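Chemist: Protein chains in written order, with the working numbering: chain G, 11 to 354; chain Y, 311 to 420.
Treat the hints as calculated values from the structure; they're not laboratory data.
As the structure is a computational prediction, the values presented were derived from the model and not from experiment.
Possibly wrong hints are sitting among the right ones.
Below are the DSS-like pairs computed for lysine-lysine, each with C-alpha atoms no more than 30 Å apart in a straight line [to be verified]: (1) Lys45/G to Lys416/Y; (2) Lys416/Y to Lys271/G; (3) Lys29/G to Lys336/Y; (4) Lys200/G to Lys271/G; (5) Lys316/Y to Lys271/G.
What follows is a list of derived Cβ distance ranges for each label pair [stated by the list, open to error]: (6) Ile372/Y to Phe154/G: 48 to 56 Å; (7) Asn325/Y to Ile48/G: 25 to 33 Å; (8) Ile372/Y to Lys12/G: 30 to 38 Å; (9) Lys231/G to Ala346/Y: 40 to 48 Å; (10) Val406/Y to Gly47/G: 57 to 65 Å; (11) Phe154/G to Gly342/Y: 28 to 36 Å; (12) Asn130/G to Lys335/Y: 52 to 60 Å; (13) His132/G to Pro317/Y: 44 to 52 Å; (14) Gln191/G to Gly330/Y: 54 to 62 Å; (15) Glu318/Y to Gln191/G: 40 to 48 Å; (16) Asp339/Y to Leu95/G: 34 to 42 Å; (17) Ala346/Y to Glu232/G: 19 to 27 Å; (18) Lys335/Y to His132/G: 45 to 53 Å.
Glycine residues also receive a C-beta, built at the ideal position from the N, C-alpha and C atoms.
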Amino acid sequence: MKSLNFRHSELSIANEQIKILNKFSDRSFNSQLNKSGIEKLVSRKVEIFQINLGKMCNQTCKHCHVDAGPDRKEIMTRDTMQLCLEKLSGTDIPAVDLTGGAPELNPDFRWFIVELKKMNRHIMVRCNLTIILSNPKFNDLPEFFAENNIEVVSSLPYYQKTNTDRQRGEGVFDKSIKALQMLNEIGYGKNGSGLILNLVYNPAGAFLPAPQHSLETDFKKELLDKFGIVFNNLYTITNMPVSRFLEYLIDSGNYEYYMEKLINSFNAAAAKNVMCTNTISIGWDGYLYDCDFNQMLEMKVLNNEKAHINNFDLTYLDTREIITGQHCFGCTAGAGSSCGGATS
Amino acid sequence: MESYFKPEDLSKFPNVSEFGEDLAKKFFDYYGAVFAEGALTSREKSLIALAVSHTVQCPYCIDAYSHDALEKGCSEEQMMEAVHVATAIRGGASLVHGVQMMNHVKKVSM
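This is chain Y alone, in the form it adopts within the complex (with noise of 0.2 Å):
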């Protein structure tokens, strides 16, 4: 069945530098160096990726960084827990807005 996403194309990623290998090269230089053990360590990267690919709603993302999580040694409860900060976030974003919504109706409201 013909589909959008393909998850065998998560492992062509780097093709992209077919059309444009400058640009490539760089990004996945930049990426390599985001992921690597810093500050932070790499398997709260890995989750804090986990946590961002489901706000973005990625399939090649979420299949990615469930797998990388899973050889941080992350147990499914923290990546569990990761989703919920991405979804408490996104539910978050729109109910603050609730404000802006009663400031408008206080505003013209009686």
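Isolated chain G, as found in the complex (with noise of 0.2 Å):
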């Protein structure tokens, strides 16, 4: 499977989707705000600075947002990253999530960890696992994270290799289980260790996610009975109709199904915790936007003058008014969705 940008797909260009997404409904995310009470989305304080460190990845999984893949060759600078290290350096910003593609795809990955452990901020790295068997020069990511205490983040979309391989790619499911057995052997997932290894479940299609705590009961089990693994937490994560997703769903005749699933599952409280307002956005040429799917939307943050790294300002990204559309129903529906997992 190529990218929907190699392929030159209409859905590769961000505005084509935002119409797709646009001429569903009437029923808009803002009006569905108001009607909850909730006048706009306002960011209550940056807690999370969250970087894409550019789209290449090993995998093209078939539900992926940023569209990823071996064909993409967007990729952080060691300028950009610098000049990431310096405005985090202004704040206290407590934790920086590493996102991708596969961050570690990134050739000064190593080098940007190491510096950003030096700010002693709490570090979140979104591993695919099977990046760690690659090539021979991943297969010490683990001992890696451990040495510079990294909590690792990775998408397991099911205990079972049918579905998992169905949405990441034939042979994803046995190299991901390989890779979760060489964590936890330094200690990753066990009790004790200080070392935090964490699951995300996304739904193999149309469909919302499980009960958060439900399914981390199943996957516990399931992976300790067969496979002896362990792991601290799952989060659950509703597939958002951006990119790949989107294609799957028009393409399976099951968009329009899923969108009114999205909307009919309007969740307030969720709405009230989602991901935007504590989180700030940098993609891989160093703007901002208020959220990883508003990034691969290219819905900048409001202020265009203060939307680059370049022009970062805490005192307004802290306060600012985040920017929404009829995608952010994926981050409301049922218990909610974030990077975190789920929200109410």
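Using the hints, put the two chains back together into the complex; each one sits in its own frame.
Modeler: As structure tokens, then:
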């Protein structure tokens, strides 16, 4: 499978995606917010500095909202990383969340982590697991993560092979299991080790996630019984109607059904805790967004003059108004969804 | 093409209140209470509903509870096992009457 970008698909253009999303319903996200007594979404305070280190990935998952893959060449430069470090150092933002693509494919990934550690921040890496086995030079990633006390957050759509491989590619489940065992071997996910290993569940299709707590119980039992694997928490994340998941929805005839489902499952309690209210998302090229999904739809933060890491202004970002769209229904459906799982 | 069963009608289920509000309200309140977490988990109830849907062969129910079971975190194997439970009971219900057949045959035979 190639990325939408490689295939020159219409859906690789952010505006085309937005047009499709806007055409669907006369029930806008903002009107739904207003009905729930929320005038607009506003940042409470930036607590997570989320950085996309590039769109290159060793996998091409069917649901990827980044449209990442081996054929994507966009990658954050060391200069932009340096800028991120400089701006972050002038703040008290406690957590840094590194994502991609596969962030480890950025040639300056390890340098960046070492520099971030000097600032004494909590660092999370969204590791797709298979990267660890993709090349001998990545085999020591578990040790590197442990040395730097990185929180590892890894996608595993299900505790069974068929559903996982259907979403993430043939052979991904077996490699993911092997990588999890390698992480466990050095203490990740084990009580008392201090090394945190969290898993992420995405539905393998056009439906909402199961309740986070009950699914976590299943994952823990199945992975322990069958593979001897332990981990800390399971985060359930709703698939967003963006990029390749949007393509899947349209091609499979599920688009209208899924959007209707998201809209009808709007949950005001989840809306109050969406991740954009405590996160700033930084693109590979240094532009600033309210969240990773807005980033992929190229919807920069509202104030254009402050929409690049060059002009990072935390006073503005801490209280900024969030830009919303129809895709936001993905974060407010059911129990809610964020990079840290359910929000209500 | 005309069809008795239209998938889009499933979402119109609440519209039955149009022709009788009081009874519809009572039914939907009861329905909601039945499927709430109780002595059985909502996931167990979803699998029972999936099995019963196949027994009563209701296309709306099959669509609804296939989807619901996925959203309760059920695996495809669990869902298929539930369908086999329904099948076994339906098949067994026929087969157990074989005893009645045998009784009759033995009664009238030398």
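Chemist: Determine for every hint whether it applies to the structure shown.
Modeler: Evaluation of the provided hints:
no., hint, in the structure
1, Lys45/G to Lys416/Y, "violated, 73 Å"
2, Lys416/Y to Lys271/G, "violated, 59 Å"
3, Lys29/G to Lys336/Y, "violated, 42 Å"
4, Lys200/G to Lys271/G, "violated, 38 Å"
5, Lys316/Y to Lys271/G, "holds, 18 Å"
6, Ile372/Y to Phe154/G: 48 to 56 Å, "holds, 49 Å"
7, Asn325/Y to Ile48/G: 25 to 33 Å, "holds, 29 Å"
8, Ile372/Y to Lys12/G: 30 to 38 Å, "holds, 36 Å"
9, Lys231/G to Ala346/Y: 40 to 48 Å, "violated, 24 Å"
10, Val406/Y to Gly47/G: 57 to 65 Å, "holds, 59 Å"
11, Phe154/G to Gly342/Y: 28 to 36 Å, "violated, 51 Å"
12, Asn130/G to Lys335/Y: 52 to 60 Å, "holds, 58 Å"
13, His132/G to Pro317/Y: 44 to 52 Å, "holds, 47 Å"
14, Gln191/G to Gly330/Y: 54 to 62 Å, "holds, 59 Å"
15, Glu318/Y to Gln191/G: 40 to 48 Å, "holds, 47 Å"
16, Asp339/Y to Leu95/G: 34 to 42 Å, "violated, 58 Å"
17, Ala346/Y to Glu232/G: 19 to 27 Å, "holds, 26 Å"
18, Lys335/Y to His132/G: 45 to 53 Å, "holds, 50 Å"
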